[in-house]
Amino acid sequence: MILTVRRAVLAVLALAAAGMLFAWSGLFNVAASTGHWPITNWFLHWVMQNSVRTYALATVETPPPLDDPALLPAAAGHYAQGCAWCHAAPGEPQSQIAEAMTPPPPALHEWLAHVDWTDKELHRIVEHGVKYSGMPAWPSLKRPDEVWAMVAFLDRLPDMDEATYRTLAYGEAGTTPVSGDAAFDRALGDCARCHGTDGAGRSDRIPVIGGQKPVYLAASLRAYAAGERASGFMQGAVADLSVETLDRLAEHYASQTPARPQPALDANPGEVERGRVIAEAGVPIDGVPACLSCHGEGRPRDVHFPRLDGQHRDYLARQLSLFREGERGGSPYARLMTAAVHELKDEDLEAVAAYFASRGGALAAR
Amino acid sequence: MTPLLSATQTAARRTLPLALCLAAAGCSGPQSALDPAGREAETVAHLFFVMTIGGAVIWLAVIALAVYAGGFKQRTLSEETGQRLILWGGAVVPTLILAALLAYALWLMPDLRPWTREAMAEGGVKGHVTAEQYWWRVRMEGPGGPVESANELIVPVGQRVDLTLTSPDVIHSFWIPALAGKIDMIPGRTNRITLRADRPGVYRGVCAEFCGESHALMAFTVRAVPPQEHAALAAAEARPAAVTSGEGLRLFLEKGCAACHAIRGTEARGGVGPDLTHVGSRPTIAAATLPNDQASRERFLRNPDAVKPGVRMPGYDMLPPAEIETLARFLGDLK
Numbered sequence: 219m220i221l222t223v224r225r226a227v228l229a230v231l232a233l234a235a236a237g238m239l240f241a242w243s244g245l246f247n248v249a250a251s252t253g254h255w256p257i258t259n260w261f262l263h264w265v266m267q268n269s270v271r272t273y274a275l276a277t278v279e280t281p282p283p284l285d286d287p288a289l290l291p292a293a294a295g296h297y298a299q300g301c302a303w304c305h306a307a308p309g310e311p312q313s314q315i316a317e318a319m320t321p322p323p324p325a326l327h328e329w330l331a332h333v334d335w336t337d338k339e340l341h342r343i344v345e346h347g348v349k350y351s352g353m354p355a356w357p358s359l360k361r362p363d364e365v366w367a368m369v370a371f372l373d374r375l376p377d378m379d380e381a382t383y384r385t386l387a388y389g390e391a392g393t394t395p396v397s398g399d400a401a402f403d404r405a406l407g408d409c410a411r412c413h414g415t416d417g418a419g420r421s422d423r424i425p426v427i428g429g430q431k432p433v434y435l436a437a438s439l440r441a442y443a444a445g446e447r448a449s450g451f452m453q454g455a456v457a458d459l460s461v462e463t464l465d466r467l468a469e470h471y472a473s474q475t476p477a478r479p480q481p482a483l484d485a486n487p488g489e490v491e492r493g494r495v496i497a498e499a500g501v502p503i504d505g506v507p508a509c510l511s512c513h514g515e516g517r518p519r520d521v522h523f524p525r526l527d528g529q530h531r532d533y534l535a536r537q538l539s540l541f542r543e544g545e546r547g548g549s550p551y552a553r554l555m556t557a558a559v560h561e562l563k564d565e566d567l568e569a570v571a572a573y574f575a576s577r578g579g580a581l582a583a584r
Numbered sequence: 002m003t004p005l006l007s008a009t010q011t012a013a014r015r016t017l018p019l020a021l022c023l024a025a026a027g028c029s030g031p032q033s034a035l036d037p038a039g040r041e042a043e044t045v046a047h048l049f050f051v052m053t054i055g056g057a058v059i060w061l062a063v064i065a066l067a068v069y070a071g072g073f074k075q076r077t078l079s080e081e082t083g084q085r086l087i088l089w090g091g092a093v094v095p096t097l098i099l100a101a102l103l104a105y106a107l108w109l110m111p112d113l114r115p116w117t118r119e120a121m122a123e124g125g126v127k128g129h130v131t132a133e134q135y136w137w138r139v140r141m142e143g144p145g146g147p148v149e150s151a152n153e154l155i156v157p158v159g160q161r162v163d164l165t166l167t168s169p170d171v172i173h174s175f176w177i178p179a180l181a182g183k184i185d186m187i188p189g190r191t192n193r194i195t196l197r198a199d200r201p202g203v204y205r206g207v208c209a210e211f212c213g214e215s216h217a218l219m220a221f222t223v224r225a226v227p228p229q230e231h232a233a234l235a236a237a238e239a240r241p242a243a244v245t246s247g248e249g250l251r252l253f254l255e256k257g258c259a260a261c262h263a264i265r266g267t268e269a270r271g272g273v274g275p276d277l278t279h280v281g282s283r284p285t286i287a288a289a290t291l292p293n294d295q296a297s298r299e300r301f302l303r304n305p306d307a308v309k310p311g312v313r314m315p316g317y318d319m320l321p322p323a324e325i326e327t328l329a330r331f332l333g334d335l336k
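If you're matching them up, the sequences are chains X and V in order. Under the working numbering, think of the first position of the first sequence as 219, with each following residue one higher. Under the working numbering, think of the first position of the second sequence as 2, with each following residue one higher.
Since the hints were derived computationally from the structure, they do not count as laboratory data. Owing to the predicted nature of the structure, the values given are computational and were not obtained by experimental measurement. Just so it is clear, CB atoms sit at the ideal spot from N, CA and C, and this is done for glycine as well. Mixed in with the good hints there might be a few duds.
[Stated by the list, open to error] Derived DEER-like restraints, expressed as beta-carbon distance ranges:
#1 X:E543 x V:D306: 11 to 21 Å
#2 X:L275 x V:F211: 35 to 45 Å
#3 V:P31 x X:A457: 50 to 60 Å
#4 V:D318 x X:G514: 24 to 34 Å
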């Protein structure tokens, strides 16, 4: 038989038709119960590993320092809520249901010690998930900083003992007040894992929310729930709470007086002074108005403008950066901040964050 | 001649004067360089007419020569005559004409651009205009120091006005077609312009260099008034705001407006956006984009970007309509 173009085309068409016939017949077994053939298993993992490696090279930026313990509590809390059910955790076995998935999700605290994903590759997997495996993407693609916190947590997971994990993920021994409203108590318990019941926050990356304005807190929670403020941590945390519960949580934290130690300020006085000048007078040449016009204390200010005095520096700097890129979101008032800081320079941004962190006030350490 | 053609001709004869009137009407108005109301614009208009008429005469002469050479000229020129023709017609005459026009234009320059120290030291109204995307910051010198305003220039008829011009962001250009200009406003550089209005009236100035999305919506009004009236208006402009308390001002301070806008005599001291101390007395808002009435002010407060794309002011449509109305009324009361 001689190979002609006509015969080759016909053969390809016949193969395609046979494939469609097979797919239509339903004879291919999609059951998870049967697992994959070893060769299929190998091929799928090979494709996945290659893809993660290539896209991590091309799309993931250089990691920030990941040894800061302040990164861990929020990531651990999120892991406990969103990941441990499939991936297990120190002292917490996988769900039997998750084990029956195809492919079965690995128990990460054991498995990560035997694989050699780089930090950038882990970031790629956590941020974008993996098709055909059940691994979801991060709830917001605007927060690579949160994904880095999760990578920092995953880096430590193999060596983490059960007690450390429980403290990181669930906080110190629970002091959740019992209000009689079961939904509220449960939600507050979840919030407290990162924020504490008094809203002081369990690390410098977690904002102080105790003593914050109630309308601002309620609007922020609603914005998270509606997907209008970007955060994988917070969007997941508030997704299934009712509006009433969100408002009660806002009231609860607004009424708190957080007890927290005086933070060790590493800011230099010159930077704080520069921040003070910007807060009081803005940077007119860059079109940046004075922060205190809206965030100053003791004058009539809108209930939607948050208090900043004594807020964590890292948190402030991150939010300012998100505002500047137009990706922070929040209540409709957030657009005022995007307009205000659109041209704010990096060093000025840091100075402003250092200034507010150094201030005494409603949120400050006492 | 057929009746039809005759009818067409009659119609043409009737409509031609009307068409000419309409075309000429397009040359007058508050924003026309051909209807000058000031010394500088008059000089420019004069230069324009001299150049246009000179150009037309030369063009006619050249066309006439071409027609003559192509259609009527029968005998060939001697080589000597040809060379002479090229020398005179191609080099000497054009050089003389262009040199004359250049000399005339240069002779006009000192009036239009008084760059010498002596010229700047002469009396007259002085001020500083900054072009920002997409509005005009106007700071006029007064007896009690500079007075800031926006998007409006008030000048005395018959007196010289010296303006220094800059820009903090991109290149803009200052042009009041009926009075003076244009001259570029360049970041990092201070340009100067002088103007003298000879006829009272309201004129329109524009940005004449593409500066971004809302370049076409970046204009300002110029009010040329008799000197006594100018003194009164300048004094009024220097006074603090007419309204320094009340619900409107409370909202203005509470909602963050004061972060960017100043209202002298109140706590509002923002310097990022236009000074609003006497915004109610200006004929337009949003840099001569909308008339200054309650409906326009409300519309701009709610969604400025829909009026002027790319404007830096954020929209306030999250405020209840009653608060927008109160704010807009308050701004209108700032006479």
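Hint check results:
1. X:E543 x V:D306: 11 to 21 Å: Since the Cβ atoms of X:E543 and V:D306 sit about 18 Å apart, the hinted range of 11 to 21 Å holds.
2. X:L275 x V:F211: 35 to 45 Å: The hint (35 to 45 Å, Cβ to Cβ) holds, given that X:L275 and V:F211 are roughly 41 Å apart.
3. V:P31 x X:A457: 50 to 60 Å: Holds, since V:P31 and X:A457 (Cβ atoms, about 59 Å apart) stay within the stated range.
4. V:D318 x X:G514: 24 to 34 Å: holds, 25 Å
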